[in-house]
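Novice: Sequence:
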Amino acid sequence: MPICKGTPVLVGAGATVDFDSSCLVGFLCTTSGTITIVRKGATNTTLVNALAVVAGQWVDIPMIIGTGQGYITSASAVGVLLVA
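The working numbering applies: residue 1 is where the sequence shown begins, and numbers increase by one.
Worth flagging that the hints you see were computed from the coordinates, not collected in a lab.
Using N, Cα and C, we set each Cβ at its ideal position, and we do this for glycine too.
Some hints here could point you the wrong way.
[Stated by the list, open to error] Per label pair, the in silico range of CB-to-CB distance:
1. Thr31 to Gly68: 27 to 33 Å
2. Thr16 to Gly66: 16 to 22 Å
3. Thr30 to Thr67: 26 to 32 Å
4. Thr43 to Met63: 17 to 23 Å
5. Asn49 to Gly12: 17 to 23 Å
6. Thr31 to Gly66: 27 to 33 Å
7. Leu51 to Pro8: 17 to 23 Å
8. Lys5 to Ala50: 26 to 32 Å
9. Thr30 to Ala50: 15 to 21 Å
10. Thr43 to Asp20: 14 to 20 Å
11. Ala42 to Ile64: 15 to 21 Å
12. Gly14 to Val59: 15 to 21 Å
Hey, can you work out the whole structure from these sequences and the hints?
Specialist: Pasting the structure below:
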C-alpha cells in the first residue's frame with residue numbers, strides 16, 4: 001500500500017457516506033463487496049460504478065473531482081475511503 005496523506009472516510013456495509021474533498025486517493029477494503037463513488041453537482045455524476053473490491057486490497061483511485069463534494073455507496077463492502 002502506498003504512503004498517502006489524507007482524511008479517512010469510514011464506509012460500512014450497505015451504507016452511503018458523504019465526503020467533502022476535491023481529491024480521492026484510494027479505498028482500503030476490509031470486507032469484500034462493491035463500491036460506487038458519485039460527484040455531487042447540479043446533476044450527480046457517477047465516477048466509479050459498482051467496482052468490485054476484495055478484503056485486504058488497496059484500490060488506487062487517483063482522481064480530482066473538482067466540486068469538493070460527493071458520496072460513496074457500498075453494497076456489502078466495508079473499508080476506508082482516503083480523500084485529500
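Novice: Hints first: check each against the structure and report whether it holds.
Specialist: Against the structure, the hints come out as follows:
Range check, Thr31 to Gly68: about 28 Å between beta-carbon atoms, so the 27 to 33 Å window is met. A hinted range of 16 to 22 Å for the beta carbons of Thr16 and Gly66 is consistent with their spacing of about 20 Å. Here the CB-CB span from Thr30 to Thr67 is close to 28 Å, well matched to the stated 26 to 32 Å. The supplied range of 17 to 23 Å is met by Thr43 and Met63, whose beta-carbon atoms lie about 18 Å from each other.
Between Asn49 and Gly12, the C-beta spacing of about 20 Å keeps the proposed range 17 to 23 Å intact. Roughly 30 Å separates the CB atoms of Thr31 and Gly66, a value that falls within the hinted 27 to 33 Å. At about 18 Å, the beta-carbon gap between Leu51 and Pro8 stays in the expected band of 17 to 23 Å. Checked against the hint of 26 to 32 Å, the pair Lys5 and Ala50 passes, with Cβ atoms roughly 28 Å apart.
Taken as a hint, the range 15 to 21 Å holds for the pair Thr30 and Ala50, whose Cβ atoms sit roughly 19 Å apart. Checked against the hint of 14 to 20 Å, the C-beta distance between Thr43 and Asp20 comes to roughly 19 Å, which is consistent with it. Range check, Ala42 to Ile64: Cβ separation about 19 Å, and the 15 to 21 Å hint holds. In this structure the supplied range 15 to 21 Å holds for Gly14 paired with Val59, their Cβ-Cβ distance being about 19 Å.
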